[in-house]
Amino acid sequence: MSLPRLQIYRSLSTLSSPTDALLAEKALTLLKRYPYHLNSISSQITPELASYLLLQTQNDRTLTLKFINFAKPHQFFNPHCKCIALHILTKFKLYKTAQNLAQDLAENSVDEKGNYFFQCLKDTYFMCNSSSAVFDLVVKSCSYLNFIEKALNIVDLAKLNGFMPGVLSYNAILDSIVRCRKPVRFAEKVYREMIASGVSLNVFSYNILIRGFCAAGNLEMGLRFFEEMERNGCLPNVVTYNTVIGAYCKLKRIDEAFKLLRSMGLEGLEPNLLTYNMVINGLCRVGRIEETSGVLAEMDRKGFAPDGVTYNTLVNGYCKVGNFHQALVLHSEMLRNGLSPDVVTYTSLINTMCKAGNLNRAMEFFDQMHVRGLRPNGVTYTSLINGFSQKGFMDEAYRIWDEMIRSGFPPTIGFLPDAVTYNVLINGLNKQARTREAKRLLLKLFYDESIPNGITYDTLIESCSDIEFKSVVALIKGFCMKGLMNEADQVFESMIKRNQKPNEAVYNVIIHGHCRDRNVHKAHKLYKEMVDFGFIPHTVTIIALVKALYSEGMDKQLNLVIRDILRSCKLSDAELSKALVQINHKEGNIDAVFNLLAEMAKDGFLPSGAAPANAGQ
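No gaps in the numbering here: position 329 of the sequence shown is 330 in the working numbering, and each next residue is one more.
Calculated from the structure, these hints are not laboratory results. Heads up, a few of these hints could be off.
Said to hold, decoys possible - The calculated label-pair distances, taken between Cβ atoms and stated as ranges, are: (1) I196 to K33: 19 to 25 Å; (2) K123 to V287: 53 to 59 Å; (3) N338 to K123: 36 to 42 Å; (4) R373 to I196: 50 to 56 Å; (5) E189 to K94: 30 to 36 Å; (6) K356 to K502: 48 to 54 Å; (7) G339 to V111: 53 to 59 Å; (8) V111 to L336: 56 to 62 Å.
Don't be surprised by glycine CBs; every beta carbon is placed ideally from N, CA and C.
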C-alpha cells in the first residue's frame, strides 16, 4: 500500500532545508541505480533524512534492504530510524533480519526497562501502517537475550497504549524464564497474566510450562498443566508426552512412564526415538534392564534403529548390574554400526574392567578413548587409580594420577583430583606401608588451588611418628591460613580420634583461624578445651578471640575470658593490654579499665615520662 500523498508531503516538509530535499532525491536515485555510491554522501545524511528515505522505500522490499544494509554501520542510523526499519521489515515478514535489528536495539537501549525503545516503536508505528506483530517480535528478541524484565515491561506498555501483544510474546518470555532456570513462580505469574489478558495458551505455551515445572522437580504441577491443556481442547503433542515421560523416568516412576507411553497410541500419536531412549534409560536406572529387550523389539517393529544414545545407555546399564559380557557385546555391536561410545560409556567399561581385576582390558579402553579424541574425566582416572591401587600397583596408580594432573585440566577450569581420587591413592599407599609417600601426597593438598572435601586423614595420622606429627600441624596451619576451616577441623578431629593429642601450637592456630572465619562459638569452645588441658593461649590468640567475642556481642563469654587471663597470668604483652582496655572503655566498664591500667603500670607498660598532652584539661 502506497503512502498517502499528504503523508509524503509532510515527511518532506520535516526536512530542515531545500538542500536536504535535494540530497534526499540524490540519495534515492543512488539507492535505486548505484547503491555502492551512497558512501560518497554518507557524511551528509542525518537521522531525519535517513528516516525519510526509509519511509519513501517502505513499499519496495529490495530498496528497503539495500538502504538498511548501507545504513547499519553509520551513526545516523539511530534508534528512531531502526524502529522505522523494524516496522517495515516485520510488514515484509523478514523476521530473521528484523529480529537481529531488534536484538541490537535491546542490547544498546539507553534504559534497562526498554521504555525509550518502546516509545520509539510507538512514535513510528503509524508512519509505517504497522501491526502488533512488531511488538511480538521485539518481545521475542528481548527474551532471546534473556532480558526478561525488559520483555515484560514492553508487554505492559504495549497493553497500556492499546496494542495487543499475542501468545507469541508470552511464549517467548516463558521460554526465557525456563531456559534461565528462574524460579517457576515467575512462569506462574506470566501464566496468570496471560489468562487475565484473555490470551489463549497454545500447545507451545503448555509445553514450556510443563517442561519448566518438570525440570524444577515439580512433576505434579507439570501434570496439572498437562490435564488443563486437554480440558481446554489443546491437544498434547509428542513433545508434551516426551517431557512428562522423561520426568517420570528421572523420578524412577517407570510404570507411570510406560502407562503414558501406551496412551500415546490411543491419542493417535507415535512415540519417536527420543521417547524410547528415555524409557530405556528409566528401566536401566531402576535396574530393570531385562525389560529393555521388549522396548528394543517395539522400536524395531516401528522402524527405529538404536542410535548412539540407546547403545550408551544400555552399555552403562549392563555395567551397573555387573553383566560385563552383554556390555561388551553391545559395545562391539555399536562400533560395527558406526556409532561412537561417549566418555560416560568408556568410563563405565573401564570401571567395570577395573572391578573385575582386568586392568589390561581397562587400559585398552582408556587408549581407545584417546584414539577417538575423547577426554577422560575425573571418574575415568579415579577408576583406573583405584584398580591399580587394589592390585598393589602403586607406581602405575601414581603414573595415572600424574597424567590426570598434567592432562590439560588446570584448576582454572575447575578440574582437580577430588576427595575420592586422593582417598583411593592414600589408602592404597597405606596398604603398601608406603605411609611417607601418602603423607607427602596429603601435604601437597594445601598448596593446591582447590581442596577437595572428604579427604581421609585417619590412616595417615594413626601412623605418624612424633617427628612426622609436625607435618600434621603444618597441614592444619596451611588450611587455616587459606581459610579452609572445614578441612582444618577434619584433620583436628582425626587427631583426637587417633589419640594424637593436639598440642598448644595446634590449638593456637585453629582458634585464631576460626576467629578470622567469624566462627566465634567454635573458637571459644576450643579455647575452653585448651585451658582445660592446661595449655596457655598465645597473646595473638587471646587478642583475636577477645576482639571476635566483642564484635559478636558475646559479653558473657568475653568477661569470662578476661577473668581467666587476669587470674592465670600477669599481663605480659602491651598489645593485649591495649586491646582489653579499648574494649572495656567502649563498653563503659571503667572499673575494668582502671584495673587493667594498674596491671599495665606494674608491668611497666604505661609511659612514665612527660605527662600526656591533654593532662589537666
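Regarding V111 and L336, is the given constraint of 56 to 62 Å on their beta-carbon distance met? At 58 Å between Cβs, range holds.
Can the suggested window of 30 to 36 Å be confirmed for the beta-carbon pair E189 and K94? At 33 Å between Cβs, range holds.
How does the Cβ-Cβ distance of K356 and K502 compare with 48 to 54 Å: does it lie in that range? Distance hint for K356, K502 is violated at roughly 40 Å.
Within 53 to 59 Å or not, the Cβ separation of K123 and V287? At roughly 57 Å between Cβ atoms, V287 and K123 fall inside 53 to 59 Å, so the hint holds.
Is the distance from the Cβ of I196 to the Cβ of K33 consistent with 19 to 25 Å? violated (50 Å)
Are R373 and I196 spaced within 50 to 56 Å by their CB atoms? For R373 and I196 the Cβ distance comes to about 52 Å; the hint holds.
If you check the beta carbons of N338 and K123, does the distance land in 36 to 42 Å? violated (59 Å)
V111 and G339 - C-beta distance against the hinted 53 to 59 Å: With a Cβ separation near 55 Å, G339 and V111 satisfy 53 to 59 Å, so the hint holds.
Taken one by one, the earlier hints fail for this structure at numbers 1, 3 and 6, listed in ascending order.
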